[in-house]
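Peer 1: Going line by line, the protein sequences match chains A and B.
Numbering-wise, numbering that gives the first Met the number 0 puts 206 at position 207 of the first sequence, and it's gapless, one number per residue.
Numbering-wise, numbering that gives the first Met the number 0 puts 308 at position 309 of the second sequence, and it's gapless, one number per residue.
None of these hints come from the bench; they were simulated from the model.
Predicted model only: the values in this text are computed from it and were never measured.
For each residue, glycine too, the CB sits at the ideal point set by N, CA and C.
Mixed in with the good hints, there may be bad ones.
Claimed, not checked - Derived, one-sided and incomplete: chain A residues facing chain B with beta-carbon distance under 8 Å:
| # | residue |
| --- | --- |
| 1 | Phe66 |
| 2 | Arg77 |
| 3 | Gly81 |
| 4 | Pro98 |
Claimed, not checked - Derived DMTMM-like pairs: lysine to aspartate or glutamate, alpha-carbon spacing no greater than 20 Å straight-line:
| # | chain 1 | residue 1 | chain 2 | residue 2 |
| --- | --- | --- | --- | --- |
| 5 | A | Lys115 | A | Glu196 |
| 6 | B | Lys132 | A | Asp264 |
| 7 | B | Lys285 | A | Glu91 |
| 8 | A | Lys69 | A | Glu80 |
| 9 | A | Lys315 | A | Asp264 |
| 10 | A | Lys314 | A | Asp264 |
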Amino acid sequence: MRRKLPSFVLVVLFALATAGVAAASNGGFTPVTPESPNASHTQTAYYVILGFTSAIFVLVEGLLVAFIWKYRARGRARAIEGAQVHGHTRLELIWTVIPVVILCLIGLVVFVELPKINDAPAANDAIPITVVGHQYYWEFEYPGGARSIGTLHVPVGRVVDLNVVSPDVIHSWWIPALGGKIQAIPGRTNHIWFKAEKAGSYEGQCAELCGVYHAAMTAVVQVESQQAYSSYISTTARQTIGRQEWTGVCATCHGNLGKGGYGPDISASTLVTSRSSLLGILREGVDTPGRPGAMPPVGIDWNNAQIDAIVTYVKKNIYKPAPLGGTSGG
Amino acid sequence: MAARSEAVYPVGWKSGRVASWLVTVDHKRIGILYIATSIMWFVAGGILALLMRSQLATPNEHFLTKDSYNQVMTMHGTTMIFLVVVPIMAGFGNFLVPLMIGARDMAFPRLNALSYWLYLLGGIVLWLSWFSKGGAAHAGWWSYPTLSENFPWASPGHGQDYWILSIHILTLSSLAGAINLIVTISNMRAPGMSWMRMPLFVWAMETYAILLLLALPALSAAVTLLLLDRTAGTHFFIPPEGNIVLYQHMFWFFGHPEVYIMVLPVFGMISEILPVFSRKPIFGYKAVAFSTIGIAFFSMLVWAHHMFTAGLGVGLDSFFMISSMVIAVPTGIKIFNWLATTWRGNLILDTPMLFALGFIGLFTMGGLSGIFLAAFPVDWQVNDSYYIVAHFHYVAFGGIVFGLFGGLHYWWPKMFGRMLDERLGKLTFWLMFVGFNLTFIPQHMLGLLGMPRRVYTYNHHGLWEVYNLLSSIGGGITALGIAAFVANIWIAHVLRRGVRAGNDPWLADTLEWYTTSPPPPHNFDTVPYVTSARPLRDLRRRLAEQPQ
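Isolated chain A, as found in the complex:
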């Protein structure tokens, strides 16, 4: 124990230092500040469990340290025996029953909070949105057919019902401030909801390994006024979809200017200016035999408007003699 002291001081100092850093920016010891009712109730359940587990933690670690301190040999010979106690039935019962009670309490709290976390509040004006996880981007389809990539636009204060799907591999939708995560599993439709209470933008990223660019698969939920949302899905989304597709899908591997990165330089390729050849690449992907990271069929579910938009965008902005200062999108 004498030897244990310095490192205990170290651990305590470390804990204090991290607590200070974390408290300063409200991050690290609890999930990020919730901005949706389901996230708030998750937070409540988290605090309840934190309360119980902290108490148990202090009890067990406290007893451990106290016993080590009190009963350490202090130079007594190995041959000297401790108290030959073989057990105690009542104690066994106590430390069986008390954990059962604590776990029942935790379970009770979870079941009380569950409906408020799992079930979207009944609302006539809930917005159904389809979230499609792709290698390596999120695509959103709004009521009325508008689509966006990477950024989900929603109005403040409305219930948003997400149908989460995937055409390729498993992804996992997760915006920490707006509730938990749900996997996007090929062949299945999963559901999750949120109701953002404040305007702002909330970040998250794919939480299930989905391939080489798993780490690049970020998502932003842009919470804005009803008016801004309406105008976004009626006009802005359609006007900007070509650029969104380039920056959110193609540029990840081919670079912002198409000069190559993980994927090849395509800025001078005639394949990308012909609608039919580009369509084939987007729908089927490109095989590079034996090498991981072949081009996935990124546009497998794109509609005609999306295909037209990317062809137009590429012709106008990417297919041209190489400019100076091309950057890779790695």
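Chain A is fixed; fit chain B onto it per the hints.
Peer 2: Coordinates of chain B only, in the frame set by chain A:
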């Protein structure tokens, strides 16, 4: 046990220094081969971990490529689980079980040798897959389809095929080993050693073996179907015909018992070490023994808590939350009994004891963070983030590896006849203790801040940067601890500075300390009649009471 007619001492070329190890059917040598091979892969898997921590030390790092990161991550997990923890338990089981129950060898010595060589082969297959077309498998250690399927954009090349082949070989190895352990423990115990007088480590190994038999076939089936998908054009896990969630169920039906397959033997080691270094009997022998069985039973009923984010529905989620919480009860019973074992003891704080006490402290932390994960609405928030990476490393490293290091230091003199140096041992412990906590405490926070697991890089600053850097520094300190352990072995054996150990350097309780260190090929000349769970203490007392 019936005497075997085979020559005890090998003849001719078989007695050569190397050849005698290649042809050995001696459980002690096979056990040592298992342990040595596992430690080699522990170091290799640890180097992979350091590569990952180097890549993640700062944002937008380019130390590893994204391709190789996913391979390194997959190989780290697969290596640590299948090539280190499960087989090292088989190694300890092999070495210790016959000695602890007073037997001459395992029930099937040749099958035992086959188990080891299959294990070595499985490991070599896995590690040679680095050089296969397309590199090693990169779909994570649980290899979820469709990322593990043979699509050009998923897992083309042969890394995934070698991964499957390796799992099959390792599964055969483990099944043969498990049958051997069960038969040995059931039939070959010393006279007087009833089930209630068996060392708790033997209880744990029996349960480990039964769990292996129950859980591994599900894994074999899952990876066989995956192999058929990859090579024979079936669609078991490819929608719309196939079902990916089916693979998740099959994998975790194996995967969760696997956690207990790995941790129960360590529980057994702790239950051996704590009493010896507390100079007391284990507190609540029956409670500790039966809680082992309780944990094993419930471990078969909790698998889908790994799948809470797959959208199974609240009905199933609720069942698996409750079963997962139930398993906390027998685990808690063990922790409290271990604490009570130290109560009013004469605690000898040698290296094995430090690791055992460290195990209690760290495993408790891993168990408590698991309660957050069992509560599925909270799991929806923290699952698949760095929080869970922190959680299972508190179980797998803070728990299992610390327990194993306790066991290594404790039984080292019995295995090799020399003591390891105490000062270096304590240095090993403190470096590992500080390094481990520094690595994994900050990862809880990273997960709560929103950092998903298995990302090869991140583009966040502030707290993400601080915590990741601290975690990487901790990884380096932990590696120094392992280096101190290797140095300790070097000094004791290569430089021959290790003090010769007598039969029983720790004044221990169980039969393996009755024979010489290291034991002769036939283990025991005579085995005393066992009258309690502590036959050696009984013997010491009887000797002390005799006149003269």
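Peer 1: Decide if the proposed pair is consistent with the structure: A:Lys115 and A:Glu196, CA atoms, cutoff 20 Å inclusive.
Peer 2: Distance of about 15 Å is within 20 Å: holds.
Peer 1: Under 8 Å, Cβ to Cβ, is where A:Pro98 needs to be relative to chain B, so tell me if that hint holds or is violated.
Peer 2: 5 Å, holds
Peer 1: Has the given pair, B:Lys285 with A:Glu91, been kept, meaning a C-alpha gap of at most 20 Å?
Peer 2: 10 Å, holds
Peer 1: For the hint on A:Phe66, does the least C-beta distance to chain B fall short of 8 Å?
Peer 2: Where the cut-off is 8 Å and the nearest Cβ of chain B is about 5 Å from A:Phe66, the hint holds.
Peer 1: Taking the closest Cβ pair, is A:Gly81 under 8 Å from chain B?
Peer 2: A:Gly81 check passes; min Cβ-Cβ to chain B is 3 Å, inside 8 Å.
Peer 1: Mind checking the alpha carbons of A:Lys315 and A:Asp264 for me, to see if they're no more than 20 Å apart?
Peer 2: Roughly 17 Å separates the two Cα atoms, so the pair holds.
Peer 1: Verify the proposed pairing of A:Lys314 with A:Asp264, using a straight-line Cα cut of 20 Å.
Peer 2: The hint holds at about 15 Å.
Peer 1: Can you verify the interface hint for A:Arg77: is its Cβ closer than 8 Å to any Cβ in chain B?
Peer 2: Holds. Min distance 5 Å.
Peer 1: Given the hinted pair B:Lys132 and A:Asp264, is their alpha-carbon gap at most 20 Å?
Peer 2: Violated, because 24 Å separates the two Cα atoms, which is more than 20 Å.
Peer 1: Regarding the pair A:Lys69 and A:Glu80, is the alpha-carbon distance no greater than 20 Å?
Peer 2: Holds, because 15 Å separates the two Cα atoms, which is no more than 20 Å.
The structure does not agree with numbered hint 6 stated previously, though it agrees with all others.
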